[in-house]
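Student: Given chain A, put chain B in place with the hints provided.
If you read the sequences in order, they're chains A and B. Per the working numbering, residue 137 is the first one in the first sequence, and the count goes up by one each step. Per the working numbering, residue 473 is the first one in the second sequence, and the count goes up by one each step.
It should be emphasised that the hints constitute simulated quantities derived from the structure, not laboratory data. Take these hints with a grain of salt, some might be off.
Unchecked claim - Here's a subset of chain B near chain A, in silico, CB distances under 8 angstroms, partners left out: (1) E483; (2) M512; (3) G514; (4) L517; (5) F537; (6) F546; (7) Q576; (8) G579; (9) G581.
As the list claims (entries may be wrong) - Covered by chain B, per the in silico footprint, the following chain A stretches (three or more residues, Cβ under 8 angstroms): (10) 179-187; (11) 237-248.
Built from N, CA and C at the ideal position, the CB exists for glycine as well.
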Amino acid sequence: DAKTTQPTSMDCAEGRAANLPCNHSTISGNEYVYWYRQIHSQGPQYIIHGLKNNETNEMASLIITEDRKSSTLILPHATLRDTAVYYCIVRVGSNTGNQFYFGTGTSLTVIP
Amino acid sequence: DAGVIQSPRHEVTEMGQEVTLRCKPISGHNSLFWYRQTMMRGLELLIYFNNNVPIDDSGMPEDRFSAKMPNASFSTLKIQPSEPRDSAVYFCASSFGLAEVNEQFFGPGTRLTVL
Numbered sequence: 137d138a139k140t141t142q143p144t145s146m147d148c149a150e151g152r153a154a155n156l157p158c159n160h161s162t163i164s165g166n167e168y169v170y171w172y173r174q175i176h177s178q179g180p181q182y183i184i185h186g187l188k189n190n191e192t193n194e195m196a197s198l199i200i201t202e203d204r205k206s207s208t209l210i211l212p213h214a215t216l217r218d219t220a221v222y223y224c225i226v227r228v229g230s231n232t233g234n235q236f237y238f239g240t241g242t243s244l245t246v247i248p
Numbered sequence: 473d474a475g476v477i478q479s480p481r482h483e484v485t486e487m488g489q490e491v492t493l494r495c496k497p498i499s500g501h502n503s504l505f506w507y508r509q510t511m512m513r514g515l516e517l518l519i520y521f522n523n524n525v526p527i528d529d530s531g532m533p534e535d536r537f538s539a540k541m542p543n544a545s546f547s548t549l550k551i552q553p554s555e556p557r558d559s560a561v562y563f564c565a566s567s568f569g570l571a572e573v574n575e576q577f578f579g580p581g582t583r584l585t586v587l
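The shape of chain A in the complex, shown without the other chains:
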C-alpha cells in the first residue's frame, strides 16, 4: 500500500547536493507527500512534507512536479551524517492522525 517507487540505493559525495527521486503516479488530489529518514538503528525522523508547492526547511527542499506524479528531495550539502534510508510516503491528511505506510525507501550513502 506504499503507492510510491524509489530507487533502492544511491551514493552522493560529501558536500554535494543529494537528489532523491520518488514516483507517485497514482497520487490523489488531497494526498500529501511526506519524507522521512531512518539512520541506522534509530527510529524514523521527519524531514519535510508538501501538497503542491515546493517546500524548504532547515533540513531539505522538496520539489513536486506540476502534475504531482513525482517529487525530489534535495539535501543541499550532504554530510556523512545524512547517510540513511529515505522514505517517500503519500497520505491523506487526517484529524485522527496520519497512517503512514513506509515502502522500502532509498538507502543513501554519503561518501567522503
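Tutor: For chain B alone, coordinates are given in the frame of chain A:
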C-alpha cells in the same frame, strides 16, 4: 521534552512466553502508532490510536498481538504467546493529530528476540 519513551530497549525471551512492550508518547500528543520493522518486511504499521481509542488495527498480524492505551500517556503492545517470527524492532510513534501537520515522532524502538 524527553521525546517518545519506549521500554524495554532490548528484550530476549523464549518461544511461548508473554512479551509486553511499553510506550510513553510525547505529552500533548493525541495519536499513537505502533510499528514493526524486519529486514524482510520493512517498516509496518500495526495499530494506531487517536485520543486513546484504537482507530485502525488492520496491521496487527494475528490474535496473539494486542494493544491498549488506558490513558493519554501510556500504551502497551502485548504478544502472547510469542514466536520466533515475532523477532523484530518495534517502534512507537506519536503525533498531534491535526490534518496536514501530522509529523510523527518516533521512539528509539524495542529490539525483540524470541528464541
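Student: Indicate, hint by hint, whether the structure satisfies it.
Tutor: For each hint, the structure was consulted:
1. E483: 16 angstroms, violated
2. M512: 11 angstroms, violated
3. G514: Since the shortest Cβ distance to chain A is 6 angstroms, the answer is holds.
4. L517: Constraint on B:L517 satisfied, holds at 6 angstroms.
5. F537: 17 angstroms, violated
6. F546: 17 angstroms, violated
7. Q576: This hint holds: B:Q576 lies near chain A, its Cβ roughly 7 angstroms from the closest one there, short of 8 angstroms.
8. G579: 6 angstroms, holds
9. G581: 6 angstroms, holds
10. 179-187: holds (count 6)
11. 237-248: Contact hint for the region 237-248 of chain A vs chain B: holds, 5 residues under 8 angstroms.
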